[in-house]
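Chains as they are written, first to last, in my numbering: chain A, 1 to 216; chain B, 1 to 426.
Read the hints as simulated data drawn from the structure, not as lab findings.
No incorrect hints appear here.
Sample of chain A residues with no beta-carbon within 12 Å of chain B, all distances over it, derived: (1) F23; (2) Y68; (3) A98; (4) A106; (5) K112; (6) L114; (7) H130; (8) K136; (9) D179; (10) I194; (11) V200.
Examples of chain B residues toward chain A, derived with CB under 7 Å: (12) V120; (13) M121; (14) K170; (15) I171; (16) G179.
None of the values given here were measured: they were computed from a predicted structure.
Every residue gets a Cβ at the ideal spot worked out from N, C-alpha and C, and that includes glycine.
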Amino acid sequence: MAQIFHRSTNLISRVSIFGGLFFVAALGAALYLIELSPYYTTVGEAPEQPVPFSHRHHVGELGIDCRYCHTSVEKSSFAGIPPTQTCMSCHSQIWTNASMLEPVRASYATDKSLEWTRVNALPEFVYFDHSIHVNKGIGCTTCHGPIASMALTYRAGTLYMSWCLNCHRDPSKYVRPRDQVFNPTYVPSEPQEILGPKLVKEYNIRSLTYCSTCHR
Amino acid sequence: MLTRGTTKGWIAGFLFAFSLLMMLNYAVSYLFIKGVGIWGINIPVAWAYAITNFVWWIGIGHAGTLISAFLLLMHQKWRTSINRFAEAMTIFAVMCAGAFPLLHMGRPWLFFYLMPYPNVMWLWPQFRSPLVWDVFAVSTYFTVSLLFWFVGLIPDLATLRDRAKNKIAKILYGMFAMGWRGSAVHWTRYELASLLLAGLATPLVVSVHTVVSFDFAIAIVPGWHSTIFPPYFVAGAIYSGFAMVLTLAIPLRKFYHLEDLVTMKHLDIMGKVMLATGVIVTYSYIVETFMAFYSGNTYDRFMMINRMAGPYWPLYVVLITCNLVIPQALWSKRVRHNEWLLFAISIVINIGMWLERFVIIVVSLHRDYTPSIWNMFYPTRWDWAILFGVVGLFFTLFYIFIRFLPMISMVEVRSLVHETGKKNAH
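Working from the sequences, and respecting the hints, build out all of it.
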């Protein structure tokens with residue numbers, strides 16, 4: 001029987017040796033990049049909400065404090081989604097006939113909560129507490145992004161563990177003075193490289209990276 | 001044996017092994033559905049059959065590497081007729097071994113967490129854990145063994161390609177022969193590659209089982225926490241490995257009439273290697289027992305007494321009989337030259353070495369520091385199904401191997417015949 005493979009096919013053998021390593025590595029790299037891309041993480045995509053609530057208008061333009069609605073952020077693990085009554089504390093007086101606010105009025109009349117779509121949802125195996133972050137000088141916008149300019153609310157971070165660890169390994173990169181935590185347009189008064197370590201020391205911030213910090 | 005066609009004996013053996021493999025398939029599927037709770041493991045005996053089997057199989061692999069790599073560097077010519085199937089045995093045994101840590105995981109689908117790869121969790125394996133060293137030791141071992149075996153096969157694959165009578169065989173052998181033409185350049189590179197791979201593989205004979213022994217020695221469980229473990233495990237590995245080579249070689253030479261290639265001299269040498277490593281293992285047992293008492297440590301002493309007289313004492317007695325007493329028969333040349341006796345002893349050593357790992361793992365764990373958590377381990381039917389199922393996996397692979405690949409290196413035997421022929425002519 002004659003040889004099936006001509007000598008020129010030896011090139012295929014060589015390429016396959018190289019490819020066995022290279023193609024596997026390239027495939028892994030491609031998957032990693034997809035996992036980081038907004039296509040997969042949905043960072044920057046605002047989900048559909050019952051009412052197109054604008055943080056840009058309420059926070060950026062009107063200057064309402066975060067805690068006016070998210071009341072429990074300083075004391076609780078959960079920042080709190082405001083009840084319809086909070087909305088109506090203003091909207092019973094202004095924009096009372098706006099069609100956009102019809103679901104709010106309906107909710108107020110029927111006593112049935114508005115069902116907002118969670119934008120920042122952590123998995124259940126992660127323990128997260130807003131109060132400790134806020135009280136140690138981590139600003140709202142550090143994690144939630146430029147909320148004062150979000151017409152529709154979107155997630156600004158990936159919520160990947162790497163994203164958490166980025167700060168947990170070195171909090172001095174992000175810490176700010178306690179009185180600036182709720183400032184949505186905060187700019188450090190002196191360079192962060194100087195301010196950060198100072199505040200870490202002052203607030204006694206520890207870099208907690210052991211597993212059970214979050215996975216309890 | 002490749003051209004002779006499929007024999008009835010091969011079909012019967014293959015079907016038996018394959019049915020065991022299907023049992024494994026069933027048991028593992030059920031395991032993945034239900035979790036490791038279907039085994040007899042509990043707290044404190046969280047490691048039992050799976051880890052015993054892992055250590056046993058990985059130990060068996062060692063003989064193949066020793067024969068192929070170490071003896072190649074030592075210019076031991078007698079290895080040529082047994083190295084090919086010993087290497088195959090190594091690869092299949094490492095495959096069987098590698099399955100167990102994965103099966104033993106609570107969530108086996110997350111096994112890749114063991115590898116350091118860039119990920120969005122910024123999670124890195126715990127490099128201080130010997131279980132991670134294991135991953136590297138075993139995967140390196142598998143890769144090097146596979147490469148060594150494959151490189152050694154290339155000239156033979158080319159011969160098979162040239163002699164193939166049907167198209168499919170021609171294409172398949174041709175693909176794996178990777179364009180071998182037997183030119184002088186090819187041979188030089190072949191020799192060089194074999195030598196380099198042998199150099200890479202030789203340290204693995206010692207390193208892999210050393211790392212496996214660290215799984216135990218690093219822990220603080222009495223009966224595990226001992227500096228003698230690395231050499232003791234390596235000797236035990238070679239001991240059981242050679243026993244397995246004999247278990248395979250003796251029936252093979254009988255059924256395929258290879259008495260002229262795998263001669264009585266080969267069996268004799270392997271018997272001697274078993275005896276030597278068996279003596280080292282015996283010495284380790286004695287030192288282990290002595291140190292338990294000499295240390296003055298209450299827990300170590302209790303562990304040793306519990307091993308000998310605790311609820312698992314019959315296993316200890318069988319272990320000592322299998323590994324220490326019966327192999328002493330190998331001192332006699334008459335025993336080493338009786339293939340029936342050698343085969344029986346090799347089986348006995350295989351059983352003994354499995355029991356040794358069981359005694360080290362389960363008997364040490366079941367009564368450690370805190371009496372209130374002492375517990376007994378009883379294997380369930382799933383433990384047994386997986387133990388014998390993996391034997392089925394091993395033999396299925398082995399049957400496929402002896403049917404489709406040359407189990408004795410044609411190239412090396414030809415050159416050996418040539419060389420010794422020349423010597424006689426002078």
